[in-house]
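Engineer: Line by line, the protein sequences are chains A and B. Anchor point for the first sequence: position 305 equals 305 in the working numbering, and the numbering is continuous, going up by one each time. Anchor point for the second sequence: position 196 equals 196 in the working numbering, and the numbering is continuous, going up by one each time.
In short, the hints are calculated from the structure, not lab data. Don't be surprised by glycine CBs; every beta carbon is placed ideally from N, CA and C. It cannot be assumed that every hint is accurate.
Cβ-Cβ distance ranges computed for the label pairs, FRET-style [said to hold, decoys possible]:
1. B:F84 to A:D267: 25 to 35 Å
2. B:R252 to A:D267: 49 to 59 Å
3. A:T113 to B:F52: 57 to 67 Å
4. A:D136 to B:G219: 48 to 58 Å
5. A:R369 to B:L282: 50 to 60 Å
6. B:G219 to A:T68: 19 to 29 Å
7. B:P240 to A:R369: 45 to 55 Å
8. A:A380 to B:P240: 24 to 34 Å
9. B:F84 to A:I115: 29 to 39 Å
10. B:L282 to A:F15: 52 to 62 Å
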Amino acid sequence: MSDIAIELRGIDKSFGLVHANKNINLTVRKGTIHGIIGENGAGKSTLMSILYGFYQADKGDIVIDGKTVTIKDPNAAIASGIGMVHQHFMLVENFTVLENVMLGAEDSQILNTSISKARVELKRLEKEYALEVNPDALIEQLPVGLQQRVEILKALYRKADILILDEPTGVLTPPEADHLFRILGQLKDQGKTIIFITHKLREIMAITDEVSVMRRGEMVATCKTKETSVEELAELMVGRRVLLRVEKGAANPGEVKLAVENLTVRDSRGVTMVDNVSFNLRAGEIVGIAGVAGNGQSELLEAISGIRKAVGGKVLLNGQPIDVTAHVDPRDLRDRGLAHVPEDRHHVGLVLKFEEAENGILGYHHDKRYLKGVFLNTKAIQADAEEKIKKYDIRPPNPRLKTANFSGGNQQKIVLAREMERGPDVLIIGQPTRGVDVGAIEFIHKRIIEMRDQGKAVLLVSVELDEIRALSDRIIVMFAGRVVGERDPDATEGELGLLMAGVEGRKEAAE
Amino acid sequence: MSNPYAKLPGWAEYGLIPLINLVVAFLVAGLVVLLVGENPLNAAYHMINGAFGRGEYIGFTLYYATTFIFTGLSVAVAFHAGLFNIGSEGQAYIGGIGVALACLWLDKTMPWFVVFPLAIIGSAFFGAMWAFLPGWLQAKRGSHVVITTIMFNFIASSLMVYLLTKVLKPLGQMAPQTRTFEAGGQLPKLDWLMSIFGLNLGNSPFNVSFLLALLAAFGVWVLIWRTKLGYEMRTMGHSPSAARYAGIGEARITVIVMMISGGLAGMMALNPIMGEQYRMQLDFVQGAGFVGIAVALMGRSHPAGIIPAAVLFGMLYQGGAEIAFEMPSISRDMIVIIQGLVILFAGALENMFRPAIGRAFAGIGRRSAVAAQTRGA
Ligand SMILES: Nc1ncnc2c1ncn2[C@@H]1O[C@H](COP(=O)(O)OP(=O)(O)OP(=O)(O)O)[C@@H](O)[C@H]1O
Ligand SMILES: [Mg+2]
Numbered sequence: 001m002s003d004i005a006i007e008l009r010g011i012d013k014s015f016g017l018v019h020a021n022k023n024i025n026l027t028v029r030k031g032t033i034h035g036i037i038g039e040n041g042a043g044k045s046t047l048m049s050i051l052y053g054f055y056q057a058d059k060g061d062i063v064i065d066g067k068t069v070t071i072k073d074p075n076a077a078i079a080s081g082i083g084m085v086h087q088h089f090m091l092v093e094n095f096t097v098l099e100n101v102m103l104g105a106e107d108s109q110i111l112n113t114s115i116s117k118a119r120v121e122l123k124r125l126e127k128e129y130a131l132e133v134n135p136d137a138l139i140e141q142l143p144v145g146l147q148q149r150v151e152i153l154k155a156l157y158r159k160a161d162i163l164i165l166d167e168p169t170g171v172l173t174p175p176e177a178d179h180l181f182r183i184l185g186q187l188k189d190q191g192k193t194i195i196f197i198t199h200k201l202r203e204i205m206a207i208t209d210e211v212s213v214m215r216r217g218e219m220v221a222t223c224k225t226k227e228t229s230v231e232e233l234a235e236l237m238v239g240r241r242v243l244l245r246v247e248k249g250a251a252n253p254g255e256v257k258l259a260v261e262n263l264t265v266r267d268s269r270g271v272t273m274v275d276n277v278s279f280n281l282r283a284g285e286i287v288g289i290a291g292v293a294g295n296g297q298s299e300l301l302e303a304i305s306g307i308r309k310a311v312g313g314k315v316l317l318n319g320q321p322i323d324v325t326a327h328v329d330p331r332d333l334r335d336r337g338l339a340h341v342p343e344d345r346h347h348v349g350l351v352l353k354f355e356e357a358e359n360g361i362l363g364y365h366h367d368k369r370y371l372k373g374v375f376l377n378t379k380a381i382q383a384d385a386e387e388k389i390k391k392y393d394i395r396p397p398n399p400r401l402k403t404a405n406f407s408g409g410n411q412q413k414i415v416l417a418r419e420m421e422r423g424p425d426v427l428i429i430g431q432p433t434r435g436v437d438v439g440a441i442e443f444i445h446k447r448i449i450e451m452r453d454q455g456k457a458v459l460l461v462s463v464e465l466d467e468i469r470a471l472s473d474r475i476i477v478m479f480a481g482r483v484v485g486e487r488d489p490d491a492t493e494g495e496l497g498l499l500m501a502g503v504e505g506r507k508e509a510a511e
Numbered sequence: 001m002s003n004p005y006a007k008l009p010g011w012a013e014y015g016l017i018p019l020i021n022l023v024v025a026f027l028v029a030g031l032v033v034l035l036v037g038e039n040p041l042n043a044a045y046h047m048i049n050g051a052f053g054r055g056e057y058i059g060f061t062l063y064y065a066t067t068f069i070f071t072g073l074s075v076a077v078a079f080h081a082g083l084f085n086i087g088s089e090g091q092a093y094i095g096g097i098g099v100a101l102a103c104l105w106l107d108k109t110m111p112w113f114v115v116f117p118l119a120i121i122g123s124a125f126f127g128a129m130w131a132f133l134p135g136w137l138q139a140k141r142g143s144h145v146v147i148t149t150i151m152f153n154f155i156a157s158s159l160m161v162y163l164l165t166k167v168l169k170p171l172g173q174m175a176p177q178t179r180t181f182e183a184g185g186q187l188p189k190l191d192w193l194m195s196i197f198g199l200n201l202g203n204s205p206f207n208v209s210f211l212l213a214l215l216a217a218f219g220v221w222v223l224i225w226r227t228k229l230g231y232e233m234r235t236m237g238h239s240p241s242a243a244r245y246a247g248i249g250e251a252r253i254t255v256i257v258m259m260i261s262g263g264l265a266g267m268m269a270l271n272p273i274m275g276e277q278y279r280m281q282l283d284f285v286q287g288a289g290f291v292g293i294a295v296a297l298m299g300r301s302h303p304a305g306i307i308p309a310a311v312l313f314g315m316l317y318q319g320g321a322e323i324a325f326e327m328p329s330i331s332r333d334m335i336v337i338i339q340g341l342v343i344l345f346a347g348a349l350e351n352m353f354r355p356a357i358g359r360a361f362a363g364i365g366r367r368s369a370v371a372a373q374t375r376g377a
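Pulled out of the complex, with its shape left as it was, chain A reads as follows:
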């Protein structure tokens, strides 16, 4: 038995003109955690999709356990012992954990015997890998961290020896991510091989044994994690030195641009998600809203931007009231100088089936410059898109490409370019760098600070505490729908962490 789990030899893949993978060679050792990093669109997901049988390579061989295999679909991948946890989970929402785990892997026509067998096996797996999750819980009722655990259980249930995780931490809160890393450590100790894609270099340093770097479709380096550093990896990825923390001068706050007073918002089930929240946002400052995901930040953004009705409170934009408790037209808010980068770019910020240029005018399609009477001015729209593509380095630089075919980070840049290039007075941004590579993060952060220095008011929501601390001039912490404290950006991580967990907050509120 060799100690090599997977060997990819000369893998090549093109999508039309896009050469996504160029002659890729990769060796993954058994029983290791192998990190793969690379810029947005470097071809990481494509390579993994080839390994998992979603795509067929144009050229090249896949060698598993010393045998050359053809993986023509995911079933073949599973048969070869490969399991994959997708960034967007593939679970049936209204099935239980147990049903999801056994779906497609029932070993008998009679469901009852399958179920009881599966239950026993699931219990065993849970014990062995400390992956506790209630087998009878419905998926839709589980937080994302647990849903991900179900994905891992699914792979293990199918006897996967090799586990691929494509950006698994993008959706996780820090404690959930820590837990995931403990699980991965355990799996490794049991002899499983793990391929781990991420944009967070800290995670690479923390848990991987080896790391491979991709750039523009090529595999540019593979090294032992111990022998490298965050700075070196960032440079390998982008091909130049990267500022991992942007520099910014002192803020110069001016008049109040956005005033939120006693805002209360309920979700569709009637649960109060934002509870009597008040704060001010001034010109020339960045206010960050920190908090563990699901503590009302999303609903707060939605209410301010006119997507969700509030049940009480007031919002003033440039001193003029927004009727947040009645029907608000987002178009009207845009005209009044508010721009909004929504958290969910796939469902809200973009129409994935549109061409890139079409998404470049979403929400601004009333603008005279994109129209000729009732007709679209396709030339102007195209030219506008090309300009933004250049300025924001969106790749591939093709405004006619379907948006779904851009990588995640480039999709994010499409939204940012659209909202920032308007020069709004108030910019509200949700998760600006989710799934975005270090080079692009540097760029986006610089642009956000530039906006501030031009006297714009920026409201930032992010689950990345690092990002909040790096950008904000003031930090507001939300817990359970309430503002539990305000801090300077030099507050320690520990202090903010306690606030976010609702520990400090309760004390403060009691005082």
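Keeping the supplied structure of chain A fixed, place chain B with the ligands upon it in accordance with the hints.
Structural biologist: Coordinates of chain B with the ligands only, in the frame set by chain A:
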């Protein structure tokens, strides 16, 4: 990664796959013909010959196609905004009122080219109004158009029975229909167009409303891909949440799109009323509204696909009538079965052959890459 199907070249996507679906539909239909004890090759011959064998047959095929282009476009426009308008049937029926009123009013005094534009406006207006109500009910009250448009089909049908027996029928006439229009209410045939190809139109009712249908198809293309309204419709059709974010009013779009859809359906009435029968009869729509759903599905809601799909269904209608005539053991219902199979394979089972074709393409791609490599070495 959500798309498990390999990407196919355009010609395979839009040409090969529909063709294969069609061939399979015909093969299965052939089996049914075998089952009733007839020779499927014979039936195929009568079908093709009956649809294209002579200038006159072609004229009939294109006459039906004209009708289906209008209803296909009607359904497709609504599709693009994520609305499923099952009411084209009723909207076309009510659209007939507009045509009939224009003709009854002016046919004796004005030439056809004066009456025609008025009839176009009238048919579109009545069709649009019939679609406005379900659209408005969905926008304001949340009643789903799929349900309400079906109900409106029944209401339209009862209403027309009433109008044609009590109001529009001339005194002393038995049949529930309007009087026959004079010259001003009769559209010219397109014999000049046929004679360019050296064909004789014969008795077929192929008329200028065909040109209007082509114009409408172009208009729909412009509307959907080149106007602001079309952009808003597509946004809503692809992603209602993105539409809300972009400030695109769902209620407004729903009402407008339903009216455009209804207007297109209404214009279908021009073809049978002014182009063939020269009067409005009971049930002149004859299910064309429902065929429109199949045409839109098969044409992938794109005008460039809807026109050939409409011709195909025109062929099934015309050729089918010929089969029924030549082969008495095959009734007209057979044709309905064939149409059903086409809808089944082209619409519902659209993706059935896709994975296999995708694999075949991937295989060819790999082999040729390997071949290129070995040649290079
Ligand atoms: N189905 C497709 N059709 C056309 N182009 C595609 C398709 N899938 C991916 N691409 C292109 O291939 C390239 C590689 O994409 P891939 O998703 O592998 O990048 P990635 O490294 O995973 O990026 P990210 O970090 O942003 O997820 C990109 O330029 C992308 O636009
Ligand atoms: Mg990716």
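Engineer: If a hint holds in the structure, say so; if it doesn't, say that too.
Structural biologist: Verification of the hints:
1. B:F84 to A:D267: 25 to 35 Å: Holds, at about 29 Å.
2. B:R252 to A:D267: 49 to 59 Å: Violated: the Cβ-Cβ distance is about 26 Å, outside 49 to 59 Å.
3. A:T113 to B:F52: 57 to 67 Å: With Cβ atoms ~60 Å apart, the hint holds.
4. A:D136 to B:G219: 48 to 58 Å: Because 56 Å falls inside the window, the suggested range holds.
5. A:R369 to B:L282: 50 to 60 Å: Since the Cβ atoms of R369 of chain A and L282 of chain B sit about 53 Å apart, the hinted range of 50 to 60 Å holds.
6. B:G219 to A:T68: 19 to 29 Å: Once the Cβ atoms are compared, 57 Å apart, the range 19 to 29 Å for T68 of chain A and G219 of chain B is violated.
7. B:P240 to A:R369: 45 to 55 Å: With a Cβ separation near 27 Å, P240 of chain B and R369 of chain A fall outside 45 to 55 Å, so the hint is violated.
8. A:A380 to B:P240: 24 to 34 Å: holds, 27 Å
9. B:F84 to A:I115: 29 to 39 Å: At 38 Å between Cβs, range holds.
10. B:L282 to A:F15: 52 to 62 Å: holds, 56 Å
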